Amino acid sequence: MNWLIAIFQVLLFVALAPLLAGWLKCCKCFLQNRRAPSLFQPYRDLLKLTRKQPVVSEQASWVFTRAPYIIFSATILAASVVPLIAVNLPTSASADVIVLVGFLGSARFFLALAGLDIGTAFGGMGSSREMTVSSLAEPAMLMAVFTLSMAASTTNLSVGITHVLNEGLVLRPSFVFALCALVLVAVAETGRIPIDNPTTHLELTMIHEAMILEYSGRHLALIEWASQLKLMLYGVLIANIFFPWGIAETFTPAALGYGLLCIMGKLTLLAIILALSETVVAKMRLFRVQEYLSFAYLLGLLGMLSHIILEASR
Amino acid sequence: MILVLTYCAVWLSFASGLLALMMNQRSLFVALSTFILKKYPNSRPSCQKILDNCLDEQRFPDFLRLSVFVLLGLSGVFAVLAGVSVLMNNEVLVDQIHLGLPWLPWHVRFDGLSGFFFLIIGIAVIAVSLYGPGYTKAYQENQHPFATLGLFTGLFVAGMLMVLLADDAFFFMIAWELMSVASYFLVAFQHEHAENRRAAFLYLLMAEVGALAIILAFGVLASFADGLTFDALRAAKLSSNWESIAFGLALLGFGMKAGLVPLHVWLPEAHPVAPSHISALMSGVMLKVAFYGLIRFCYDLIGTVHWEWGVVLLVIGTASALGGILYAMMQPNLKRLLAYSSVENVGIMVMVLGLSMIFMANNHPQLAALGLLAALFHAFNHALFKNLLFLGAGIIHHQTHELNIDMLGGLIKKMPHTSLLFLVGCMSISSLPLFNGFVSEWLAFQTALQVDVLDNGVLRSLIPVSAAALALTAALAASCFIKVFGLVFLGVPRSHNSEKAHEVTDKGMLAGPTLLAGLCFLFGIFPGVIINLLNGVAKQLLGETLPNDTAMSWLWLAPVSANKASYSPPLVLVGVLIATLFTFWTLRRNPETKTMRRADTWDCGFGGLTPKMQYTSSAFTMPFRRIFANVWLIDEQIDKDMQGAMDLNVSAIHYRLQVQDHSWPRLYEPIAQSVNTLAKQVGRIQTGNIRTYLGYSFVTLLLMLWMIS
Numbered sequence: 001m002n003w004l005i006a007i008f009q010v011l012l013f014v015a016l017a018p019l020l021a022g023w024l025k026c027c028k029c030f031l032q033n034r035r036a037p038s039l040f041q042p043y044r045d046l047l048k049l050t051r052k053q054p055v056v057s058e059q060a061s062w063v064f065t066r067a068p069y070i071i072f073s074a075t076i077l078a079a080s081v082v083p084l085i086a087v088n089l090p091t092s093a094s095a096d097v098i099v100l101v102g103f104l105g106s107a108r109f110f111l112a113l114a115g116l117d118i119g120t121a122f123g124g125m126g127s128s129r130e131m132t133v134s135s136l137a138e139p140a141m142l143m144a145v146f147t148l149s150m151a152a153s154t155t156n157l158s159v160g161i162t163h164v165l166n167e168g169l170v171l172r173p174s175f176v177f178a179l180c181a182l183v184l185v186a187v188a189e190t191g192r193i194p195i196d197n198p199t200t201h202l203e204l205t206m207i208h209e210a211m212i213l214e215y216s217g218r219h220l221a222l223i224e225w226a227s228q229l230k231l232m233l234y235g236v237l238i239a240n241i242f243f244p245w246g247i248a249e250t251f252t253p254a255a256l257g258y259g260l261l262c263i264m265g266k267l268t269l270l271a272i273i274l275a276l277s278e279t280v281v282a283k284m285r286l287f288r289v290q291e292y293l294s295f296a297y298l299l300g301l302l303g304m305l306s307h308i309i310l311e312a313s314r
Numbered sequence: 001m002i003l004v005l006t007y008c009a010v011w012l013s014f015a016s017g018l019l020a021l022m023m024n025q026r027s028l029f030v031a032l033s034t035f036i037l038k039k040y041p042n043s044r045p046s047c048q049k050i051l052d053n054c055l056d057e058q059r060f061p062d063f064l065r066l067s068v069f070v071l072l073g074l075s076g077v078f079a080v081l082a083g084v085s086v087l088m089n090n091e092v093l094v095d096q097i098h099l100g101l102p103w104l105p106w107h108v109r110f111d112g113l114s115g116f117f118f119l120i121i122g123i124a125v126i127a128v129s130l131y132g133p134g135y136t137k138a139y140q141e142n143q144h145p146f147a148t149l150g151l152f153t154g155l156f157v158a159g160m161l162m163v164l165l166a167d168d169a170f171f172f173m174i175a176w177e178l179m180s181v182a183s184y185f186l187v188a189f190q191h192e193h194a195e196n197r198r199a200a201f202l203y204l205l206m207a208e209v210g211a212l213a214i215i216l217a218f219g220v221l222a223s224f225a226d227g228l229t230f231d232a233l234r235a236a237k238l239s240s241n242w243e244s245i246a247f248g249l250a251l252l253g254f255g256m257k258a259g260l261v262p263l264h265v266w267l268p269e270a271h272p273v274a275p276s277h278i279s280a281l282m283s284g285v286m287l288k289v290a291f292y293g294l295i296r297f298c299y300d301l302i303g304t305v306h307w308e309w310g311v312v313l314l315v316i317g318t319a320s321a322l323g324g325i326l327y328a329m330m331q332p333n334l335k336r337l338l339a340y341s342s343v344e345n346v347g348i349m350v351m352v353l354g355l356s357m358i359f360m361a362n363n364h365p366q367l368a369a370l371g372l373l374a375a376l377f378h379a380f381n382h383a384l385f386k387n388l389l390f391l392g393a394g395i396i397h398h399q400t401h402e403l404n405i406d407m408l409g410g411l412i413k414k415m416p417h418t419s420l421l422f423l424v425g426c427m428s429i430s431s432l433p434l435f436n437g438f439v440s441e442w443l444a445f446q447t448a449l450q451v452d453v454l455d456n457g458v459l460r461s462l463i464p465v466s467a468a469a470l471a472l473t474a475a476l477a478a479s480c481f482i483k484v485f486g487l488v489f490l491g492v493p494r495s496h497n498s499e500k501a502h503e504v505t506d507k508g509m510l511a512g513p514t515l516l517a518g519l520c521f522l523f524g525i526f527p528g529v530i531i532n533l534l535n536g537v538a539k540q541l542l543g544e545t546l547p548n549d550t551a552m553s554w555l556w557l558a559p560v561s562a563n564k565a566s567y568s569p570p571l572v573l574v575g576v577l578i579a580t581l582f583t584f585w586t587l588r589r590n591p592e593t594k595t596m597r598r599a600d601t602w603d604c605g606f607g608g609l610t611p612k613m614q615y616t617s618s619a620f621t622m623p624f625r626r627i628f629a630n631v632w633l634i635d636e637q638i639d640k641d642m643q644g645a646m647d648l649n650v651s652a653i654h655y656r657l658q659v660q661d662h663s664w665p666r667l668y669e670p671i672a673q674s675v676n677t678l679a680k681q682v683g684r685i686q687t688g689n690i691r692t693y694l695g696y697s698f699v700t701l702l703l704m705l706w707m708i709s
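Protein sequence lines correspond, in order, to chains U and L. Numbering-wise, this note's numbering puts 265 at position 265 of the first sequence, and it's gapless, one number per residue. Numbering-wise, this note's numbering puts 34 at position 34 of the second sequence, and it's gapless, one number per residue.
Watch out, some of these pointers could steer you wrong.
What the hints assert, rightly or not - Restricting the straight-line Cα-Cα distance to at most 30 Å, the calculated cross-link-like pairs of lysine-lysine (DSSO-like) are:
no.: 1; chain 1: L; residue 1: Lys-137; chain 2: L; residue 2: Lys-594
no.: 2; chain 1: U; residue 1: Lys-48; chain 2: L; residue 2: Lys-500
no.: 3; chain 1: U; residue 1: Lys-52; chain 2: L; residue 2: Lys-500
no.: 4; chain 1: U; residue 1: Lys-52; chain 2: L; residue 2: Lys-413
Said to hold, decoys possible - Label-pair restraints from in silico Cβ distances:
no.: 5; chain 1: U; residue 1: Ala-36; chain 2: L; residue 2: Ala-629; range: 42 to 48 Å
no.: 6; chain 1: L; residue 1: Glu-308; chain 2: U; residue 2: Tyr-258; range: 50 to 56 Å
no.: 7; chain 1: U; residue 1: Val-170; chain 2: L; residue 2: Trp-664; range: 36 to 42 Å
no.: 8; chain 1: U; residue 1: Phe-287; chain 2: L; residue 2: Lys-237; range: 25 to 31 Å
no.: 9; chain 1: U; residue 1: Pro-90; chain 2: L; residue 2: Lys-507; range: 43 to 49 Å
no.: 10; chain 1: U; residue 1: Tyr-43; chain 2: L; residue 2: Trp-664; range: 57 to 63 Å
no.: 11; chain 1: L; residue 1: Ser-85; chain 2: U; residue 2: Tyr-43; range: 58 to 64 Å
For the record, the hints were derived by calculation from the structure and aren't laboratory data. All of these numbers come straight from a predicted model, not from anything done at the bench. Heads up, the beta-carbon is just placed ideally off N, CA and C, and yes, glycines get one too.
Assemble the whole structure, with the sequences as input and the hints as a guide.
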C-alpha cells in the first residue's frame, strides 16, 4: 500500500510539472502585459514533440540519442526522493538528500556530454558554462542542506520534514539563512533569470539551451520535461522543507488530498514570486555568477554557523 | 595456510620478474628442453610439439611475455585469495622469516588491514597482467627491452606486498625501498627522453627524502622501545610531544609518497612517463600503500591519536583534494590529468581519515570506525577506477599515439568498447550514484555530518566547511571528467591520428579494464560486501565496528541508523531501469517516428563547420580559469600575424597557454637555491690543494684522538 502511494506520488510529480511551467508562463505574461497561452500549453507542446520524428545530427553517437532517457529517468528518481504530498513513504528511505544531489548530478553529467557530442561550438559552450555554474552551486546547496540536516540530525528528507513539523513554527536564524541560500541555488540550478534565460533566442547568452540546441522530437520533449520536473523539484524542496504544514503524515485519502491541495497552493505562490523576480531582475553577466553563488554559499555558511553557535544544545 | 597464500603471491611476483630476465636466453631454454626430452625419451610427441612451438625463434618473445604476465596474474590471484580469507576469518597471523642478518629475523604479520590492501593490490595486478601482454608488445625489443620492464614490475609488486606484510621497521624499510627503487627504474624505462630522466630523478629524490623521514619516525618510536619490531614499537611509552613529532615525520614521509599537496610535485611528472600499466599500478596502488603506512603508523603503532592530528590531516587533505582537481582540470595531457586527479583522491582519503581521528580522539570510536571505513572504501574504489582510467589512457595512446586531449575526439565511434569502459571510469570517479565512487563519497559526507556529537566549537564549524569543500571537489571532478570524456571520445576527430584510430584487437587489453569496470559497477550496487569486510578491519584497529550490523544488509546502506540516513543502490537501480525502459518503450511505439532522421549539424546557416570550431580543453576550462584565477600561475599569450597593406590584416592568431603549479616557485625553487648556496659555501673549503686536504686529515685525527682520550 505504501509503495502504491509512493508510486502515485512520483506519477503526480511527473504529471504536475508541466502545469507549474504553464502557470509560471501565465504569471510572467500577466506581469509583462502579454496575452498568456493556455495553462495547459506545456502539455500540448510535449505531446506535439513526441509525435514528431526526431532529426539527429550525423555526428551524433549513442550518447546523444540515449542521454534524454537517462536525464529524464535520473530526474524522476530525484523527484521520487522528495516528499510531495506525504512523508514517511518508502521511496524516501531508499535515498537521502545527498543521493538526490547525486541524481541531479548524473542528469547534468549526461546533458553536458550530449552537448559535447555533436562537436559544435555552441554545445561545448553550453556544457562548459553549465558545469561552471553547477560546480559552484553544488557546495552552496549542500551547505544549506547540511544546516537543515544538522538541525534535524538526519539527511533523510522525510524524517527531516517530520522534525520541522514537530518543532512547530519557530523562527530560527539558521533556517532563514538556509532558505535564502537554497532559493538562490534553486534559481541558478534551474536556469532562471538572472543566471540563465530559458526563453532566450541569442545563442551567445544561452547556457542550458545551448546544450540542447540540436535536440528535436521526443528527445527534446524528454529534456524539456526533465527541466520542468527539476523546477518543480526545487519548488517542492523549498516549500516542504521550510513550510511543511499541510503535508500528509497518515495515508488516509482525506489527508493525502489535503496535502495535494496544500502543495499546489504553495507552488502557486512560489511561482508568482519567481515570475515577479524574473520580471524585475535583469540577466547577469556570466562572470558575475560566481559572486552570486558565493553569496549563496556565504548564506549557507552563516546558516551553519548560526546553528552551531546559537542553536545547538551544547 | 593464509600465510602460505601471501608468500605465494610474493614469490610469484618475484618469479615473474626473474622469468622476464630470460628474454634473451632462448638458447638456454632450447638446451633445457633437449635435455628433458633426452631424459624422458618416451614422452608424448604432442608435448614435444608444444615445446618446439613455444621455443620457436619468432614466437619465443610473445610466449615469454605471456608467461611473465601469467605469473604476475597468479600472484594477483593469490593476493586476492589471501586478502579475502584473512578478512573473512578476522585473524591476525604472525610469522618470522630468517633472512638477512642472523640476529635480525624478518617479522611478518598479516591482519585485516594488510589483507584489505592485499585485496586492492591483487585486483589491480590481475587487471594489469591481463592488459600487459598486448600493451608491451608495442615496445621495440632493442630500444626498450622487455627484460627490464618485466623484472622491475615483478620487484615492484613484490615490494608493495612485502610492505604490507612487514612487522618490524627493518623489514618495512627494506620492502619500502624495494618498492621505491623498482618503480624508479620503471619511470625511467623510456630514458631516451631527457624529461623522463628528469622526472625519474625527481621521483627518486623525493622518494628517498620521504624514506628518510619514515626512518626518523620509526627512530623516534624505537628510542622509547626495546627493539625495532612493531610489537615493541606498539608498547613504547611516549610523551605526547614525541608522539606528535613521530606523527609529523610519518606524515611527511608517507605524505610524500602518497602525493599530498605540497609534496605532490613528483606525481604529475613521474606517472605520465611510465608505461600505462605501470602508471596504473603506481597511481592506483602504490599511493594506497603509502596511505596504508600512514594508517598503520598512526592507529596501530602510536596507538593513541590526538585530535590536532586529525585537524592537520583534514586541512592538508582538503587542500590536496581541491588543489589536485583544480590542477587536473588545466592539464591537456591525459595521463598528467589522471595523475593530478590521484592527488585529489588521496586528499579525500586523508581528509576522511582526519575526521576519523578527530572522532577517535573525542571518544566516539563508532564514528571513527565510520570514517576509517569511508577512507578505506575510497582507497579501494580509487584503485579500481584509477586503474581503469589509466589502462584506458594506455589503450588510447596505443591506438592513436596521442595523449593530448586537444588532438583527440570522436573516438566513441572508432573504439566503442574502450569508450564504454572509459565512461564507466569517468562516471565512477565523478561519483555519480550507482557507481562505487559515489558510495565512498556518501559515507564521507555522512561522517562529516555527525559533527554534532563534538563539543569543540572550532571543530564543529571546521568540519562542515571541509564537507562543503568536498562537495566542490566532487562537482569539479565531474566537470573535469566530462571534459575528458567529451573531448577524447565525443565530437569530431581533431587530428589525423584520432581519425585513423580503431578498436584494439588484443582481447586481453580489453579484458583488464572490463574486469575493473565490472567491479566498479558491482560494488556501486552492492557496497555492503566490502563494508562488511571493512567492519572487521575497524574492529581489529579501533576495537569498534559500525553501530548496527543488521542495518548493513545487502539491500540497505544505513551506516549510522536507518532514521538518520539510508541509501539503497539496488532499489535505485530498479527504479532507473523501470523509468528508462518505460519511457524508451512508450516513446518509440509509433513506427513512423521510431527511426531518427539523420541530417547535417546546425551551422547557423553559414556552412563549413570544421573540427577546429569545437571546444578545446583550454576553452572548456576557461570559466574556471577565470573564477579560480589565483590558484594557478597562468601565462597566456596571444600573438597576431599581420599582413596586407600597412600590416593591418590579421592572417593568423597564435594562442599559447601555460599553467604552472604554485609549489615550484614558492617551495621547491627556494629549497633548490638554498641547497646550491650551501653547496657553494661548503665548496670554499675544497681548495683542490693536496696540502690543505692533508691538513684537514691531520686536524680530524687530532680531534678524534682528543675525543677518545
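> Under the criterion that the straight-line Cα-Cα distance not exceed 30 Å, is the pair Lys-52 of chain U, Lys-413 of chain L satisfied?
Replying inline: The hint holds at about 27 Å.
>> Please check whether Pro-90 of chain U and Lys-507 of chain L have a Cβ separation lying inside 43 to 49 Å.
In response: The hint (43 to 49 Å, Cβ to Cβ) holds, given that Pro-90 of chain U and Lys-507 of chain L are roughly 44 Å apart.
> That 36 to 42 Å hint for Val-170 of chain U and Trp-664 of chain L (C-beta), does it hold up?
Replying inline: Once the Cβ atoms are compared, 53 Å apart, the range 36 to 42 Å for Trp-664 of chain L and Val-170 of chain U is violated.
> Are Lys-52 of chain U and Lys-500 of chain L close enough, with their CA atoms no more than 30 Å apart?
Replying inline: Violated, because 36 Å separates the two Cα atoms, which is more than 30 Å.
>> Looking only at beta-carbon atoms, does the pair Ala-36 of chain U, Ala-629 of chain L fall within the given range of 42 to 48 Å?
In response: holds, 44 Å
>> Please check whether Glu-308 of chain L and Tyr-258 of chain U have a Cβ separation lying inside 50 to 56 Å.
In response: Taking Cβ atoms as reference, Glu-308 of chain L and Tyr-258 of chain U lie about 54 Å apart, which means the hint holds.
>> Holds or violated: the 57 to 63 Å window for the beta-carbon distance between Tyr-43 of chain U and Trp-664 of chain L?
In response: Check passed, 59 Å falls within 57 to 63 Å.
>> Hint check: Lys-137 of chain L vs Lys-594 of chain L, CA-CA at most 30 Å. Holds or violated?
In response: Between Lys-137 of chain L and Lys-594 of chain L the Cα gap is close to 45 Å, so the pair fails against 30 Å, i.e. violated.
>> Taking 58 to 64 Å as the stated bounds, is the beta-carbon spacing between Ser-85 of chain L and Tyr-43 of chain U within them?
In response: Hint holds: Cβ distance 60 Å, inside 58 to 64 Å.
> Straight-line Cα separation of Lys-48 of chain U and Lys-500 of chain L no greater than 30 Å?
Replying inline: Between Lys-48 of chain U and Lys-500 of chain L the Cα gap is close to 41 Å, so the pair fails against 30 Å, i.e. violated.
> How does the Cβ-Cβ distance of Phe-287 of chain U and Lys-237 of chain L compare with 25 to 31 Å: does it lie in that range?
Replying inline: With Cβ atoms ~58 Å apart, the hint is violated.
Violation of the numbered hints given earlier is confined to hints 1, 2, 3, 7, 8; the remaining hints are satisfied by the structure.
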